[in-house]
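Visitor: Here is how the chains run, residue by residue.
There are 2 protein chains.
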Amino acid sequence: MNRKTSSANEINKLKFHCEMDVAMHYVGGKWKTVVLWYLIEDKKRFNEIKKLIPNITEKMLSIQLKSLEEDGIIKKEVFNVKPPLKVEYSLTDFGKTLIPLLQYLVTWGGFVVKEKSHSIHTKQ
Amino acid sequence: MNRKTSSANEINKLKFHCEMDVAMHYVGGKWKTVVLWYLIEDKKRFNEIKKLIPNITEKMLSIQLKSLEEDGIIKKEVFNVKPPLKVEYSLTDFGKTLIPLLQYLVTWGGFVVKEKSHSIHTKQ
DNA sequence: CAGCATCCTTTATGATACTG
DNA sequence: CAGTATCATAAAGGATGCTG
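These protein sequence lines are chains A and B, in that order.
Under the UniProt record's numbering, the letters of the first sequence match residues 1 to 124, in that order.
Under the UniProt record's numbering, the letters of the second sequence match residues 1 to 124, in that order.
Keep in mind that the hints were calculated from the coordinates and are not lab data.
What you were told as hints is all true, and nothing was included just to trick you.
Note that identical chains are pooled: a pair holds if it fits in a single copy or bridges any two copies.
Calculated pairs, PhoX-like style, for lysine-lysine (alpha carbon to alpha carbon, straight line, at most 20 Å): (1) Lys96 / Lys116; (2) Lys116 / Lys75; (3) Lys96 / Lys114; (4) Lys76 / Lys51; (5) Lys50 / Lys66; (6) Lys44 / Lys75; (7) Lys51 / Lys30; (8) Lys76 / Lys59; (9) Lys86 / Lys51.
Turn these sequences into a full structure, and let the hints steer you where they fit.
Guide: So this is what it looks like as structure tokens:
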């Protein structure tokens, strides 16, 4: 695999130094991977996601959903115009290409929790 | 896989909401994955990494390397005490468990660059 | 229900100069 | 060579109240 990534990539006016930058643009930050994780299973409504992630604020959830939608990772469907609104979020086909990555992240995270809780790992 | 992650995990005094939080703690941020990517191949010196990532500042590289070392992902070896110093950074065994993830990230990033540059993907 | 607006604090990142 | 110190901005995150 090529590590000599001296040329910059450009996607929608954004410049990236390397493929890693590109990937992290889509899944980086504190919340995106968590939100996406809960959308793998099935489409969900705003408050469903909110309840699944107790410590996220409505503002942050709103920002993440908007960002993911703009990036084409998820799609938003509005089912009625008058309150109470019904809105559903789901992965796009493009977003589904992230599933293996999300699964690996969760698996690795779980692995680390086990390792660390058993104090197998120490600082080197 | 279990998505009901209501219980918090704790690693070295840090609390995490779910496995995803844990994983992102180790590889999140703008630089960590990039730095780690260049360390897969072989151990490297500070200025070697710096040259491979032209737009990183010494300060940021220093912060990332310190953080990765504290997390046990990389190890630092100092070979002489008097300037000019020789310091080498390399992945620990624990850090090497991240390699598949890093490879997937780069592969996915490359895939996206291709897709987007061909305008196959549009906002939904 | 599904958000947005506002104000605020905390992290992250950056530019530049300097040191053992 | 391998960093640190300082000053600064930008981005992320959060609390609270309000709205169509």
